[in-house]
Amino acid sequence: MAESRREAVAAAAGDQPLELILARNLVTIISLAAFLFDAEGRLVFYNDAAAEFIGRQFEEVGVLTREQVQAELGPLDRRGRDLPADQVPSTIALEERRPAYSRFYIHADRGLMQIEAGALPLIGPSGLHGAMVVFWAPEE
Amino acid sequence: MRLKLWGVRGSIPVPGPGCDAYGGNTSCVQVTAGDGTELILDAGTGIRQLGPELVSRCANLHILLTHLHLDHIQGLMFFAPFFNPATEITVWGPPAAGQKLRSRLARYISTPLSPIEIRELPAKVTFRDAPAEPWRIGGVEVRAGLVAHRGPTLGYCLTEDGQNLCYLPDHEPGLGQDLGRDPAAWISGHALACDSSLLIHDFQYGDEDYPGHLGWGHSCLSDALAFAHRSEAQRVLMFHHDPTHEDGRLDELGREASARWTDLGGEPGSIEPAREGDEIEVGESAR
Chain U
1 MAESRREAVA
11 AAAGDQPLEL
21 ILARNLVTII
31 SLAAFLFDAE
41 GRLVFYNDAA
51 AEFIGRQFEE
61 VGVLTREQVQ
71 AELGPLDRRG
81 RDLPADQVPS
91 TIALEERRPA
101 YSRFYIHADR
111 GLMQIEAGAL
121 PLIGPSGLHG
131 AMVVFWAPEE
Chain P
1001 MRLKLWGVRG
1011 SIPVPGPGCD
1021 AYGGNTSCVQ
1031 VTAGDGTELI
1041 LDAGTGIRQL
1051 GPELVSRCAN
1061 LHILLTHLHL
1071 DHIQGLMFFA
1081 PFFNPATEIT
1091 VWGPPAAGQK
1101 LRSRLARYIS
1111 TPLSPIEIRE
1121 LPAKVTFRDA
1131 PAEPWRIGGV
1141 EVRAGLVAHR
1151 GPTLGYCLTE
1161 DGQNLCYLPD
1171 HEPGLGQDLG
1181 RDPAAWISGH
1191 ALACDSSLLI
1201 HDFQYGDEDY
1211 PGHLGWGHSC
1221 LSDALAFAHR
1231 SEAQRVLMFH
1241 HDPTHEDGRL
1251 DELGREASAR
1261 WTDLGGEPGS
1271 IEPAREGDEI
1281 EVGESAR
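First to last, the sequence lines map onto chains U and P. Residue numbering for the first sequence follows this note's numbering, beginning at 1 and increasing consecutively. Residue numbering for the second sequence follows this note's numbering, beginning at 1001 and increasing consecutively.
For reference, chain U alone in the conformation it holds in the complex (with noise of 0.2 angstroms):
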């Protein structure tokens, strides 16, 4: 095939490194609320526990910028401020490259939630492909 082609194929398709994927179908299997941020910081999947406090599955949501994570989703304080960026646990492990721990706010479905979260960092061979956050109620 002609090499441009071959190019528009790819990158329509933007196909993501073999670390995102695998994470991807490791979280659409376990049962524990769990987001995707690839090295950029966007917000490239979320898994079914994950859309039951968000109350929108991923496919009608889409990719998110970091940005518009931000503003849909947060995380927040509990006066629904923007937490620093040195309090999020995806931005940690990105930008640190390490596991991360925090409890903070998001808007969820039923309106604004505390969770506590677990970020780890995906850094294969080749260097950082993004960050798995785990994700769930605290307990009362």
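No lab work stands behind these hints: they were computed from the structure. Each hint can be trusted.
Distance ranges between label pairs, derived from CB positions:
1) U/D82 / P/E1208: 53 to 61 angstroms
2) P/E1281 / U/E72: 51 to 59 angstroms
3) U/Y101 / P/R1255: 54 to 62 angstroms
4) P/A1059 / U/P125: 28 to 36 angstroms
5) U/V61 / P/E1133: 27 to 35 angstroms
6) U/E116 / P/P1211: 36 to 44 angstroms
7) P/T1032 / U/G55: 57 to 65 angstroms
8) U/R103 / P/N1060: 56 to 64 angstroms
9) U/E60 / P/D1207: 29 to 37 angstroms
10) P/P1131 / U/Y101: 29 to 37 angstroms
Every residue gets a Cβ at the ideal spot worked out from N, C-alpha and C, and that includes glycine.
Following the hints, put chain P in place on chain U, whose structure we already have.
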């Protein structure tokens, strides 16, 4: 690009009368580019028979390893050019955390598994991690990418004169994935295989074999067909035959694949089980 298949079997070599037609050597594909550049995909036991053909006429060789499972490296120690001091060989392989490629291969080419040590190979051998970005070997553009298998494993796409050869001998893209419906961007190997002129892909299992081997890193017929279809491959070679599949069983799998490929819209005759010894021009129609 012209190919010769020196080994098409998976897991372990299977010499013997039941495998005469398709061959018993493990993965090795010789790729000769239009400008004469010689590339060798994997170094299974098939590479031993290739060695004498190259040793006297080729001073510069590139071996591209997909991964370091034994059926893909077992022939290295028996490859004649390694024993010719006049030969320069570059061995490319998957990057991995921790040890360099040379050190990882030295676990095999060292005592007690080998009578020689890797440092004793007479040829000028360089070991290099395959880069994340495309690179050129002679007139061929090479792209490598990690794919779904057990351990760090690469697939390769070789491009010359607008023809693409994609080589994914060990690949389980269907694990946890709906290959028919999931977005192409989320399918392992798609970036390498999309619109291949020739796709050489793992077809290790029949569908009935697969439930007992889920997660072993290989594909069943349905998943491999679905992957090839999503990739819009023009021609497909069924590769990495299971060691328990003798010639009659591979004939059956070939017929089933051919019928289902045509149902999916594939060109009749454009899919077949790989056969040791076959020579193929990339971009040329099947027999």
